[in-house]
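J.: So the protein lines, in turn, are chains A and B. As numbered in the numbering used here, residues 1 to 221 make up the first sequence, in order. As numbered in the numbering used here, residues 1 to 105 make up the second sequence, in order.
Just so you know, these hints were derived from the structure itself, not from any lab. A portion of the hints provided could be inaccurate.
To be verified - Simulated coverage check for chain B against chain A, where a stretch passes if three residues somewhere in it have a Cβ under 8 Å from a Cβ of chain A:
id: 1; segment: 34-43
id: 2; segment: 46-56
id: 3; segment: 66-76
Said to hold, decoys possible - Sample of chain A residues with no beta-carbon within 12 Å of chain B, all distances over it, derived:
id: 4; residue: N44
id: 5; residue: E87
id: 6; residue: R160
What the hints assert, rightly or not - Covered stretches of chain A (in silico footprint by chain B; criterion: 3 or more residues with CB under 8 Å from a CB of chain B, positions within the stretch not fixed):
id: 7; segment: 3-17
id: 8; segment: 54-63
id: 9; segment: 96-107
id: 10; segment: 134-145
id: 11; segment: 196-205
The beta-carbon is built from N, C-alpha and C at its ideal position, and this holds for glycine as well.
This is what each chain is made of:
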Amino acid sequence: MGAKEMVERIREEAREEGQQITADAKQQADAKLEAARKELEQQNQQFLAAEERKGVEEKERIVRAARQNARKLKWRAEEAMIERTLESALTRIPGVKSSGFKDASYAEILSGLITESVLSIATGSSSAGIDLDVLLSEEDAAAAHITQAQLTELGKALSREHGRDLKLTMAAEQIKSVGGVIVRQTDGKIEVNNTFEQRMARFSTSLREEIVKALFERTSS
Amino acid sequence: MAVEALKIIREGEEEGRKVVEEAKTSVSTILQNADEEIKQLKERTREEEKRLAAEIAARHIEEGKQEEAKIMQAAAVEAEQLKAAAESNLDHAIAVVLERILGQR
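Build out the structure end to end from the sequences listed, making use of the hints.
T.: Here it is, written out as structure tokens:
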């Protein structure tokens, strides 16, 4: 082999070695790229799945809040009607005073409330005789829906019925109320407030339930 | 003559070394280029993820808002129906209240 052939062979070998080195490097680079693409693809899928879950949660949160607001809207409508009923009931009291309620006159209604109050005080007292003051509103006292004579008769009737000496006296003191009565033991120890406002407040919880039934569960006619 | 031949062979060997050295140098460039490409690929992927995340969130929010509107519309109708029913039963309800506060029950 001559020198020229040797040189050519050396060159050829070097070129092949260089090409091999370059090819290996390219293969390595391609492998790295491919691995990175696969990893990114996997990460991307996980990321999108997580974002979908977050999105669904956000949508559910919006829907939950809307359902809550819808309940509030209906609740407010109910509350408004309940309040309107209670207010309207008080505005009808003057009509009750002039025309009575159902078959009862206002005097009979007052008499019933006085009886209820007296019996309540009598139940809590062991005395054989009880002196009681009956307090009316300024308006009711002026209208004389019930008189001292009627109170005296009512006291006697209750005494006979319950075997106690119950004396009822119309108090000079008058109360600020739309109507109803306060009955107080003369010594001031026990008092039963049966004014309409107080009864409304006292029966508030059960009254509201009854109003809801009457307003919303009754078939309108 | 032999000296001349040796010189030519040495030059050939030197030339061959250079070719191999150049190839070795290009390895680092090839790998660096691959790293750079991976870096850019990651950046593009992150950007795409951001865009898709915003798109997904917007889609679900929109669906939620649409459902919200339906729920509130139905609730408004129901509230009006409640009011109407209550309105027609108002006198009865007032009578129930009066019965109780007047002590007629």
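J.: Take the hints in turn and mark each one as holding or not.
T.: Cross-check of the supplied hints:
Given a C-beta distance limit of less than 8 Å, the hint that chain A covers the segment 34-43 of chain B holds, as 6 residues qualify and 3 suffice. With a threshold of 8 Å between beta carbons, the proposed coverage of the segment 46-56 of chain B by chain A holds, since 5 of its residues qualify and at least three are required. For the segment 66-76 of chain B, the proposed coverage by chain A is satisfied: 7 residues have a C-beta within less than 8 Å of a C-beta in that chain, meeting the threshold of three. Not every CB of chain B lies more than 12 Å from the CB of A:N44, the least distance being 6 Å, so the non-interface label is violated.
In this structure A:E87 is not separated from chain B by more than 12 Å, as the shortest Cβ-Cβ distance comes to only about 10 Å. A:R160, annotated as away from the interface, keeps every beta carbon of chain B farther than 12 Å; the closest lies near 21 Å. For the segment 3-17 of chain A, the stated coverage by chain B holds: 11 residues have a C-beta nearer than 8 Å to a C-beta of that chain, and at least 3 were required. Counting residues of the segment 54-63 of chain A whose CB falls under 8 Å from any CB of chain B gives 9; the rule of at least 3 is met.
Check on the segment 96-107 of chain A: 4 of its residues sit with their Cβ under 8 Å from a Cβ of chain B, so the three-residue criterion for coverage holds. Counting residues of the segment 134-145 of chain A whose C-beta sits closer than 8 Å to any C-beta of chain B gives 0, which falls short of three, so the coverage hint is violated. Here the segment 196-205 of chain A counts 4 residues with a CB under 8 Å from a CB of chain B, which clears the bar of 3, and the coverage holds.
In summary, the numbered hints that this structure violates are 4, 5, 10.
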